[in-house]
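Novice: Residue strings, one per chain:
Protein chains: 2
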Amino acid sequence: MQLSFSNKARRTQEQPINALIVAALANPKLINLAAGLVDFDTLPVAEVKQAADAILSDPRRGRAALQYETTQGLAELRAEALKHLEKLEGKAGLSMGLTADDFVITTGSQQALYLIGDVLIDPGDIVITSNPSYFVYTGTLTSFGANVLAVRGDENGMDVGALEQLLARLDSEGRLGRVKMVYCTSYFDNPTGITLGADRREPMVRLVERFSKKHRIVILEDAAYRELRYDGEELSSIKSFDPNNAHTIIACTFSKPFAPGIKTGYTAMPKDLLHAVLQQKGNHDFGSASLSQHIALEALATGLYAKQVQKLKANYRKKRDVMLAALDRHMPKEPGISWTKPGGGLYVWLTLPGRVDTRGAGPMFAECVERGVLYVPGDHAYQPDENGTVPTNHLRLCFGSVPTELIEPGIERLAGVVSELLGSRNDAEGEKMHGRDAHATQGAPVAQAPGAVVI
Amino acid sequence: MQLSFSNKARRTQEQPINALIVAALANPKLINLAAGLVDFDTLPVAEVKQAADAILSDPRRGRAALQYETTQGLAELRAEALKHLEKLEGKAGLSMGLTADDFVITTGSQQALYLIGDVLIDPGDIVITSNPSYFVYTGTLTSFGANVLAVRGDENGMDVGALEQLLARLDSEGRLGRVKMVYCTSYFDNPTGITLGADRREPMVRLVERFSKKHRIVILEDAAYRELRYDGEELSSIKSFDPNNAHTIIACTFSKPFAPGIKTGYTAMPKDLLHAVLQQKGNHDFGSASLSQHIALEALATGLYAKQVQKLKANYRKKRDVMLAALDRHMPKEPGISWTKPGGGLYVWLTLPGRVDTRGAGPMFAECVERGVLYVPGDHAYQPDENGTVPTNHLRLCFGSVPTELIEPGIERLAGVVSELLGSRNDAEGEKMHGRDAHATQGAPVAQAPGAVVI
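These protein sequences, in sequence, are chains D and A.
The numbers in this note's numbering rise by one with no breaks, and the one at position 351 of the first sequence is 351.
The numbers in this note's numbering rise by one with no breaks, and the one at position 119 of the second sequence is 119.
Hints may contain errors.
No copy is singled out in the list; a pair is fine if it fits within one copy or between any two copies.
Claimed, not checked - Computed cross-link-like contacts, SDA-like style, restricted to lysine to any residue with a CA-CA straight-line distance of at most 25 Å:
{"id": "1", "residue 1": "LYS213", "residue 2": "ASN7"}
{"id": "2", "residue 1": "LYS313", "residue 2": "ARG63"}
{"id": "3", "residue 1": "LYS214", "residue 2": "PRO363"}
{"id": "4", "residue 1": "LYS49", "residue 2": "ALA75"}
{"id": "5", "residue 1": "LYS341", "residue 2": "ARG178"}
{"id": "6", "residue 1": "LYS307", "residue 2": "ARG61"}
{"id": "7", "residue 1": "LYS307", "residue 2": "ASP58"}
{"id": "8", "residue 1": "LYS318", "residue 2": "LYS333"}
{"id": "9", "residue 1": "LYS91", "residue 2": "ASP122"}
{"id": "10", "residue 1": "LYS49", "residue 2": "GLY303"}
{"id": "11", "residue 1": "LYS83", "residue 2": "GLU202"}
{"id": "12", "residue 1": "LYS83", "residue 2": "PRO384"}
{"id": "13", "residue 1": "LYS311", "residue 2": "ARG60"}
{"id": "14", "residue 1": "LYS49", "residue 2": "PRO59"}
{"id": "15", "residue 1": "LYS29", "residue 2": "ARG60"}
I should point out that these hints are in silico values taken from the structure, not numbers from a laboratory.
All chains, full assembly: derive it from the sequences and hints.
Specialist: Here you go:
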């Protein structure tokens with residue numbers, strides 16, 4: 001006899017990333033450029049030991065760390081999170097309408113993303129994102145029944161003009177009442193590594209204010225990779241342009257800039273949204289692990305955190321450089337092949353000629369697995385266009401967890417497969433594309449068509 | 001401009017327990033017999049320090065503990081959890097259809113309860129529970145839109161005959177297709193302290209098998225308090241009577257028998273349900289905190305866990321005895337006053353004469369807060385009967401987190417308020433009850449009416 005699952009369960013797709021993590025953990029011989037894990041060698045084992053020792057050597061703190069914590073999270077950690085955000089923005093919390101009471105501590109920032117979807121989305125509601133975008137979260141949104149509409153992006157992220165056009169069109173169609181939020185990874189996006197342009201941040205806030213005609217539309221800013229910056233100057237967040245804490249949420253995590261194993265994130269949001277989120281979180285778990293929160297607090301307060309961020313930046317900068325140099329050295333010099341040069345984060349986004357099919361069920365992926373290199377097929381990260389098609393000639397490369405010395409051999413294997421695929425089909429160059437990848441990029445970082453995206 | 005919340009958010013009620021935890025953490029002078037926290041003085045600070053040291057002194061283990069873990073959870077911990085369950089049941093996992101792959105590690109067992117609701121419940125679906133039952137979870141179920149139907153219980157927990165009658169009635173009404181599960185805290189229930197009788201466990205499994213006509217109905221067995229047993233022999237779980245792992249889920253936690261601060265639980269369930277749960281958990285957080293999982297594993301594998309359980313049992317047994325003795329000594333000797341004598345867990349359930357209103361908005365609660373003693377009003381734990389009424393003359397007392405030496409003073413304050421309320425209204429004794437508490441108990445542990453419950 002079968003179980004009878006909920007509609008939500010039936011809407012929920014297998015998350016590609018989990019299978020990839022399982023593969024990564026199971027087969028250490030593969031050169032895994034797919035798994036979005038962090039670097040193993042720089043995990044702050046000594047630092048967390050020092051923090052745990054300090055907490056657990058003090059009976060009062062030790063007991064607090066082993067007792068239940070509130071659903072909202074450790075007050076001292078929320079206060080430190082606010083101070084930390086103030087430092088990153090270079091402005092006072094109050095100028096963004098924020099106090100420590102506007103923060104919630106979650107089981108990684110993913111839980112915050114989930115909870116915000118949970119309290120805002122009914123089936124048929126609209127969430128707007130960029131194309132491509134973070135596929136774990138667009139999958140989550142789809143499980144809530146959201147209609148995820150993607151606007152084009154370019155080398156500076158989501159095109160705010162395209163966002164405005166879409167909102168205006170939805171308004172004229174009488175669908176503005178279904179628009180709940182705009183989702184944007186504003187720093188070193190997963191999967192592209194692209195950062196939202198400095199001049200697009202404030203206009204995005206003003207835009208959702210202007211279109212908040214039926215109800216308040218919010219921007220969910222995913223800042224998971226913010227502190228992993230290897231080039232250039234820190235940018236103010238989208239959140240920093242919302243002085244009344246009314247239209248924006250910023251989701252931050254300790255996973256990427258410190259350690260995923262403590263699974264702790266912090267998110268600031270409007271008070272009415274926070275209230276609803278805390279009610280749901282009460283149902284989910286009534287509070288994330290207290291011990292992890294105390295470790296995060298100790299690391300922030302003592303400077304262990306800041307030192308670890310510097311260490312990670314130096315290490316990841318080098319890994320990024322190795323990956324970019326290897327791509328330069330090994331990828332065929334051919335029109336239609338390009339890749340992003342991210343100023344931070346963990347990802348490089350590779351674009352191949354439109355006739356190359358990078359999908360998991362395709363020949364390229366199978367050949368790569370055969371030769372011992374794994375990537376994330378790019379089609380997962382796209383919302384379909386009006387014809388239901390997605391580009392199938394992109395892939396995500398992660399330099400996060402792969403050991404530095406394996407990056408070049410991995411890229412070499414990948415480039416070998418690409419060369420052979422291109423060589424053997426040279427007759428089809430350029431002109432003939434498959435129907436399903438009509439919007440696929442030809443290597444130039446400009447948009448091809450509305451609704452499709454090229455990076 | 002207002003936000004537009006989801007239907008689920010709008011269905012979600014404030015969790016009474018969270019406000020109580022906040023109150024408990026904020027005002028240490030109150031004698032808090034309400035908060036369901038665990039005992040502070042016996043929190044295993046030294047033990048967790050020892051476990052954390054062992055993990056973080058070994059670079060290989062330390063890195064694993066600080067990296068992402070899989071959504072399903074640390075394989076070694078799932079294997080230890082299986083061994084632990086086998087020991088508790090006195091039978092092999094395979095005789096229950098279980099391997100370590102049938103377990104998921106969650107952020108406390110509450111997350112497992114949540115996820116199971118998430119994948120099974122659509123608005124209007126039916127979940128059957130006992131009356132009273134764990135109010136955090138019935139609130140969660142209500143937020144999913146579940147129709148929570150409660151059957152009567154007695155001093156041995158849910159009445160399986162009443163469950164059968166309800167299932168038969170739903171079948172005859174053509175509503176069996178909406179019945180998704182039966183929820184039962186089988187050991188030292190929250191809020192009553194009552195344990196499901198040994199002779200009711202197997203019949204409950206056979207019953208849901210028999211009524212699985214439209215689809216497979218499952219029993220969600222909440223075993224959070226199982227190991228906190230102070231009297232009598234260990235009982236086999238409901239799960240142990242399900243040889244094919246088809247109809248039962250057992251949710252277990254490290255929070256109560258070890259430490260809530262690591263917020264780690266483990267749950268075994270049928271494979272098809274597990275698949276759906278893992279998909280949702282991928283969306284929620286793609287895996288609970290790895291460090292906590294490694295600490296739980298170390299504690300289980302080295303015997304630190306077993307020693308801690310013994311220590312907690314000795315301490316809680318004493319606290320329970322102090323509370324029961326204080327109730328004997330201070331509560332008025334009057335018909336209509338009774339309380340449970342739990343053989344384990346953290347709770348005593350107090351029944352007062354029907355004319356006493358224990359609700360949070362009533363005079364008794366206010367007077368208790370005034371005198372410095374806090375309890376959980378019992379009405380939160382009831383599902384309304386056909387007339388929409390719930391008993392309002394019960395309350396939950398927790399001997400978990402209150403210091404031993406404050407238990408008697410707390411009970412004395414409480415009994416003082418009860419005495420005054422009864423003395424000042426002695427003219428109304430027995431006969432006149434408020435309409436809304438027509439099903440209120442008069443102290444005897446027998447059912448008054450179908451659909452209502454007396455403990």
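Novice: Against this structure, judge whether each hint is valid.
Specialist: Cross-check of the supplied hints:
1. LYS213 <-> ASN7: between (30 Å within a copy, 20 Å between copies)
2. LYS313 <-> ARG63: between (34 Å within a copy, 18 Å between copies)
3. LYS214 <-> PRO363: neither (48 Å within a copy, 43 Å between copies)
4. LYS49 <-> ALA75: Close inside one copy (23 Å) and across copies (23 Å); limit 25 Å.
5. LYS341 <-> ARG178: neither (36 Å within a copy, 54 Å between copies)
6. LYS307 <-> ARG61: For LYS307 and ARG61, both the intra-copy (23 Å) and inter-copy (22 Å) Cα distances are at most 25 Å.
7. LYS307 <-> ASP58: both (24 Å within a copy, 21 Å between copies)
8. LYS318 <-> LYS333: within (24 Å within a copy, 77 Å between copies)
9. LYS91 <-> ASP122: neither (36 Å within a copy, 45 Å between copies)
10. LYS49 <-> GLY303: Close inside one copy (14 Å) and across copies (22 Å); limit 25 Å.
11. LYS83 <-> GLU202: within (22 Å within a copy, 56 Å between copies)
12. LYS83 <-> PRO384: For LYS83 and PRO384, the Cα distance exceeds 25 Å both inside one copy (41 Å) and across copies (47 Å).
13. LYS311 <-> ARG60: between (32 Å within a copy, 19 Å between copies)
14. LYS49 <-> PRO59: Result: close both inside a copy and across copies, 17 Å intra and 11 Å inter.
15. LYS29 <-> ARG60: Between copies, since 17 Å is at most 25 Å while 46 Å is not.
Going through the hint list in order, the structure does not satisfy hints 3, 5, 9 and 12.
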